[in-house]
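Enquirer: The lines below spell out each chain.
Protein chains: 2
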Amino acid sequence: MTRKADRKPLHLNAFLMSVGHHEAAWRLPESPADGGTDIAHYQNLARIAERGRLDSLFLADSPVLQGDPGRRPVSKLEPTVLLTALAGVTTHIGLIATASTSYNEPYNLARRFASVDHVSGGRAGWNIVTTAGADAARNFGLDDTPLHRDRYLRAAEFVDVATKLWDSWADDAVLADKESGVHALADRVRKVHHQGEYFRVDGPLNVRRSPQGYPLLVQAGSSEDGKDFAARYAEAVFTAQQTLEEAIAFYQDVKQRTAAFGRDPEGIKILPGIVPVIGDTEADALALDAELDRLIRPEYAKRQLANRLRIPPDQLDLDRELPEDIPTEDEIEGAKSRYTLVVELARREKLTVRQLIGRLGGGRGHRTFAGTAEQVADTIEHWYDAGAADGFNIMPAVLPSGLELFVDRVVPILQERGLFRTEYTGRTLREHYGLPRPSNRLFDTVDASAGHLGIALADAR
Amino acid sequence: MTRKADRKPLHLNAFLMSVGHHEAAWRLPESPADGGTDIAHYQNLARIAERGRLDSLFLADSPVLQGDPGRRPVSKLEPTVLLTALAGVTTHIGLIATASTSYNEPYNLARRFASVDHVSGGRAGWNIVTTAGADAARNFGLDDTPLHRDRYLRAAEFVDVATKLWDSWADDAVLADKESGVHALADRVRKVHHQGEYFRVDGPLNVRRSPQGYPLLVQAGSSEDGKDFAARYAEAVFTAQQTLEEAIAFYQDVKQRTAAFGRDPEGIKILPGIVPVIGDTEADALALDAELDRLIRPEYAKRQLANRLRIPPDQLDLDRELPEDIPTEDEIEGAKSRYTLVVELARREKLTVRQLIGRLGGGRGHRTFAGTAEQVADTIEHWYDAGAADGFNIMPAVLPSGLELFVDRVVPILQERGLFRTEYTGRTLREHYGLPRPSNRLFDTVDASAGHLGIALADAR
Chain A
1 MTRKADRKPL
11 HLNAFLMSVG
21 HHEAAWRLPE
31 SPADGGTDIA
41 HYQNLARIAE
51 RGRLDSLFLA
61 DSPVLQGDPG
71 RRPVSKLEPT
81 VLLTALAGVT
91 THIGLIATAS
101 TSYNEPYNLA
111 RRFASVDHVS
121 GGRAGWNIVT
131 TAGADAARNF
141 GLDDTPLHRD
151 RYLRAAEFVD
161 VATKLWDSWA
171 DDAVLADKES
181 GVHALADRVR
191 KVHHQGEYFR
201 VDGPLNVRRS
211 PQGYPLLVQA
221 GSSEDGKDFA
231 ARYAEAVFTA
241 QQTLEEAIAF
251 YQDVKQRTAA
261 FGRDPEGIKI
271 LPGIVPVIGD
281 TEADALALDA
291 ELDRLIRPEY
301 AKRQLANRLR
311 IPPDQLDLDR
321 ELPEDIPTED
331 EIEGAKSRYT
341 LVVELARREK
351 LTVRQLIGRL
361 GGGRGHRTFA
371 GTAEQVADTI
381 EHWYDAGAAD
391 GFNIMPAVLP
401 SGLELFVDRV
411 VPILQERGLF
421 RTEYTGRTLR
431 EHYGLPRPSN
441 RLFDTVDASA
451 GHLGIALADA
461 R
Chain B
1 MTRKADRKPL
11 HLNAFLMSVG
21 HHEAAWRLPE
31 SPADGGTDIA
41 HYQNLARIAE
51 RGRLDSLFLA
61 DSPVLQGDPG
71 RRPVSKLEPT
81 VLLTALAGVT
91 THIGLIATAS
101 TSYNEPYNLA
111 RRFASVDHVS
121 GGRAGWNIVT
131 TAGADAARNF
141 GLDDTPLHRD
151 RYLRAAEFVD
161 VATKLWDSWA
171 DDAVLADKES
181 GVHALADRVR
191 KVHHQGEYFR
201 VDGPLNVRRS
211 PQGYPLLVQA
221 GSSEDGKDFA
231 ARYAEAVFTA
241 QQTLEEAIAF
251 YQDVKQRTAA
261 FGRDPEGIKI
271 LPGIVPVIGD
281 TEADALALDA
291 ELDRLIRPEY
301 AKRQLANRLR
311 IPPDQLDLDR
321 ELPEDIPTED
331 EIEGAKSRYT
341 LVVELARREK
351 LTVRQLIGRL
361 GGGRGHRTFA
371 GTAEQVADTI
381 EHWYDAGAAD
391 GFNIMPAVLP
401 SGLELFVDRV
411 VPILQERGLF
421 RTEYTGRTLR
431 EHYGLPRPSN
441 RLFDTVDASA
451 GHLGIALADA
461 R
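Chains as they are written, first to last, in the UniProt record's numbering: chain A, 1 to 461; chain B, 1 to 461.
Hints in this document: simulated from the structure, not taken from any laboratory.
Don't take every hint at face value.
No copy labels: a pair is met if it fits in one copy or bridges any two.
Stated by the list, open to error - In silico DSS-like cross-links for lysine-lysine, where the CA-CA straight-line distance does not exceed 30 angstroms:
| id | residue 1 | residue 2 |
| --- | --- | --- |
| 1 | Lys191 | Lys336 |
| 2 | Lys302 | Lys336 |
| 3 | Lys350 | Lys302 |
| 4 | Lys191 | Lys302 |
| 5 | Lys302 | Lys178 |
Whole structure, please, built from the sequences with the hints as guidance.
Expert: Structure representation (C-alpha cells):
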C-alpha cells in the first residue's frame with residue numbers, strides 16, 4: 001500500500017497546547033508566562049497555522065484540572081469559547097475542539113458546535129472523547145470514571161442524538177417570506193423524539209442546520225472500542241504511533257474496520273501525531289531537545305508516571321527500567337491504548353525511567369523527532385508514502401516558535417515536493433480534508449449503497 | 001426616594017434579540033432574513049451599542065426551540081459562543097448571557113463564563129435562570145419542568161458551586177518562575193470539595209481566576225423566589241414593569257430584601273425593560289408601532305397566548321377581553337411573575353385579546369413606549385428620578401434600526417442632561433456598573449461587616 005504512484009496532497013493539523021507540547025516549554029526564556037489562558041498567544045498561533053495553509057487546528061480538553069499546577073501551566077480556556085475567538089482572527093483554517101460525551105448533554109453540546117460552525121462559516125470540528133479519569137468524574141457527582149464500555153455506549157448514543165439534532169432543520173427550512181409572514185416551512189423543522197438507553201431528547205435544535213451540516217467528527221482513542229467507534233462515526237482520527245510498522249498496521253486496521261461498517265475508507269482521514277523539534281542543524285535540534293528534557297523536574301514527573309502506571313512512586317527508580325510487575329491494559333479503566341503504548345515504548349527501547357520521562361514530557365506518547373526541516377519533511381514523506389497516514393497531527397514542542405519553524409521551513413519543502421497545498425481551495429473544514437458535506441438523515445432520501453455519507457449511513461441500523 | 005438631589009449617571013443595557021423584540025420585526029423590508037443566526041448582524045449590533053457607550057449588551061436564552069418557527073425567526077446562536085464572537089469586535093462594552101442552572105453542570109458552565117471573562121478582558125456577565133417549560137425539560141430526559149421551588153434550590157446551590165470554582169485559584173496563584181520551575185504556588189490552588197443536595201464537585205477549576213474574579217451575576221425573575229434569589233446573589237436585575245408605581249414598589253422591595261441579606265443595596269442595580277419605538281414625530285412612532293402590530297399573524301398569536309394561559313385557544317375571542325375563568329399564579333409552574341403581569345395588564349387596561357396580542361408581540365410583557373427621542377429620554381429621566389430604576393434594559397422593537405435611533409438620538413439627550421456617560425471610564429463590566437470586583441472567599445480574609453462584597457458575604461451562611 002504505497003502511495004508513490006497516486007500521490008495526493010497530505011493533510012496537516014496543528015495541535016495547539018499552551019506554550020508547547022513539551023511540558024517544560026514554559027521555562028524557556030521565549031515563552032509567555034501563562035500561555036494557556038492568553039488569548040493573544042492563541043490568536044497568534046492560529047494566524048501562523050493559517051499562514052502555512054494548514055487544514056485545521058486542534059484543541060485537546062478534559063473537564064478537570066489536568067496535571068500539576070506547580071509544575072507547568074495548566075489553566076486553559078474552554079475549547080468552544082477558544083475556537084470562537086480563533087474563528088474571529090482567521091478566515092479559512094478548520095477549528096477542531098475536544099468535548100466529552102460523558103460529561104455533557106447532547107442538546108447543549110450540539111448547540112455549541114452548530115453555533116461555532118455558523119460563526120466560523122463552516123470550519124468547526126468535534127473531537128469526540130469519552131473522558132477517562134476519576135478526577136474528572138469527581139467534578140460531576142461521580143466517585144469514579146464510568147466503565148470503559150459504558151462510556152463508549154453512551155458516546156455512540158450521544159453522537160446519534162447530536163446528529164439527529166443537527167439534522168432537525170432541513171437545509172431549505174428557512175423561507176423568510178416577508179409578504180406571507182411564513183418564516184420557516186413547518187414540515188422542514190422536526191422534533192427528533194429520541195428515546196434511548198442514556199438519553200431522551202425531543203428536539204428540534206434551536207439552531208438551524210449549519211454551513212457544514214454539522215461539525216467534522218474526529219476521534220482520537222486507539223483501544224479496540226476506540227477503533228470501532230472511529231470506524232463507525234469518525235471522519236478524521238488523531239493517533240499516537242511510535243514506529244512506522246505500528247502506524248501502517250493501525251492505518252490498515254482502521255480503514256478495514258471502516259469498510260466493514262459499509263463506509264468508504266477514503267471517508268476517514270488518519271493523522272498520526274509528530275512532535276517535531278526543529279533546528280538549523282541536526283545538532284541544534286538535538287541540543288534543544290536535550291535542553292527541554294533537562295528542564296523537566298524529575299521528582300514531579302516520576303510521581304505522574306507512577307500515577308499513570310497505577311503503582312506507588314517509590315517503585316520507580318529514575319536510573320532503572322520500569323519494574324516487571326505493573327498492571328496490564330485489561331486491569332485499568334480509561335486511556336487504555338495510551339497506557340499500553342507507554343509501557344511498550346519503555347520495554348522496546350529499554351528506557352530508564354528518566355529517559356521515559358523525557359520522551360513522555362515531549363509528546364506524551366506521541367513520536368518526537370528532532371532534526372532539520374529537511375529531515376522532518378523526509379520523515380513525513382516517508383511515512384506518507386509507506387501508507388501509514390493521510391496526514392499528520394503536528395505537535396510542536398515549543399509554541400509559537402516550533403509552529404513558526406514548521407510553517408516557514410517544513411511546509412515549503414512539502415509544497416515543493418507536491419505533497420501539500422500552496423493555497424486553500426475550499427472554505428469549509430470538510431472541503432480542506434476532501435470530505436463530503438453530510439446528507440440530512442431526517443430529510444434527505446439517500447441511497448444506502450453509496451457508502452460515502454458518514455454517519456447518515458453508518459448509523460442506518 | 002427621589003434622586004434629583006443626588007443624581008448619578010444611570011446605566012443602560014442593550015437587550016439584543018435577532019432582528020428586534022417585536023415578533024413581526026423580521027417582516028419589515030429593512031430586516032435581514034434570518035438575523036438570529038447571522039453573526040455579522042449581531043456584530044453590527046454590538047458595535048452600535050458600544051458606540052453609544054452602553055454599559056452592556058444582553059442575550060436571553062433557553063435550551064429549547066422557543067416559539068413557532070413558521071411565524072418568526074427562532075434559530076439562534078448559543079449565547080456563550082455568541083458573546084465570544086462579540087468580544088472580538090468590541091473593546092469596552094459588557095457582555096451578558098443567560099444560562100440555565102437546571103440544564104447545565106456547574107463545572108462546565110463555570111469554565112465557559114471564566115473563559116469568556118478572560119477572552120474579553122473582564123467583560124462577562126451571567127444572567128442566572130432556572131428555565132421554565134416542559135419543552136425544555138424534554139430536551140434533557142425529563143417529562144416536565146422541575147417544580148419552581150426545586151429549581152430555585154438547585155439554582156442557589158449551583159451559584160454556590162460556581163463561585164467556589166471561580167475562587168479555586170487565588171488571584172496571585174500563578175508565579176511562573178522559570179528559574180526554579182515552579183509555575184503556580186501549590187497552596188494557592190485548591191479543591192473545593194463541594195457536597196450538596198444537587199451537586200458533588202471536587203474542583204479546582206481548570207481556568208485560573210479571571211479579570212473580574214467571576215462574571216457579573218444577573219437575575220431576571222420577579223416571583224417571590226426570584227426576588228429573594230436576586231437579593232441574595234444578583235448584582236444586576238432585569239425586570240418587566242408596566243407602570244411607574246409598580247416599578248417603584250419592585251425597586252424598593254428588592255433593595256430592602258438585599259439589605260435584609262446583609263448586602264449593600266447599592267450593590268444591586270435594577271433595570272426595568274423598555275421597548276422604545278422611536279420616530280421623528282410622535283405620529284411617526286405610533287405609525288411604526290401600529291404597522292408592526294398589523295404584521296402579527298393573529299391566529300398564531302392567539303394559540304401562543306392560550307398556551308401561556310393554560311387554556312384551549314377556542315376560549316379566546318380576538319375582539320373580547322380575557323375570559324374570567326383562567327388559572328391563578330399559584331396553579332401554574334414556571335414564569336409565574338410574567339404570567340401574572342400579562343393577566344393584570346389585560347385586566348387593568350381592559351384590553352381585547354387582539355390588543356393584548358399587540359402589546360405582548362412588542363415586548364412580551366415589557367413596557368412599550370412609542371414616541372420621539374425626546375419623549376423616550378423624558379420617560380427614562382422621569383422613572384429614574386422617581387426612584388424606579390438604576391438604569392434601563394433597552395429592548396428595541398426593530399434591530400438594528402431601533403438601536404441606532406436610541407444610540408444616536410436618545411443617548412445624546414441623556415448625556416446632555418448629565419444622566420449618562422460620554423466616555424467609558426472603566427474597562428470591565430463591573431466597573432461600568434460601579435460595582436466592586438468580588439473578593440475570593442476561599443483565599444481572601446474579608447470583614448463580614450463590610451457588606452459590599454456580593455456573594456462572598458451573602459453566602460457566608
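Enquirer: Against this structure, judge whether each hint is valid.
Expert: Going through the hints against the structure:
no., hint, in the structure
1, Lys191 x Lys336, "between (38 angstroms within a copy, 27 angstroms between copies)"
2, Lys302 x Lys336, "within (20 angstroms within a copy, 58 angstroms between copies)"
3, Lys350 x Lys302, "within (17 angstroms within a copy, 77 angstroms between copies)"
4, Lys191 x Lys302, "between (52 angstroms within a copy, 23 angstroms between copies)"
5, Lys302 x Lys178, "between (67 angstroms within a copy, 20 angstroms between copies)"
In the structure shown, no violation is registered for any of the earlier numbered hints.
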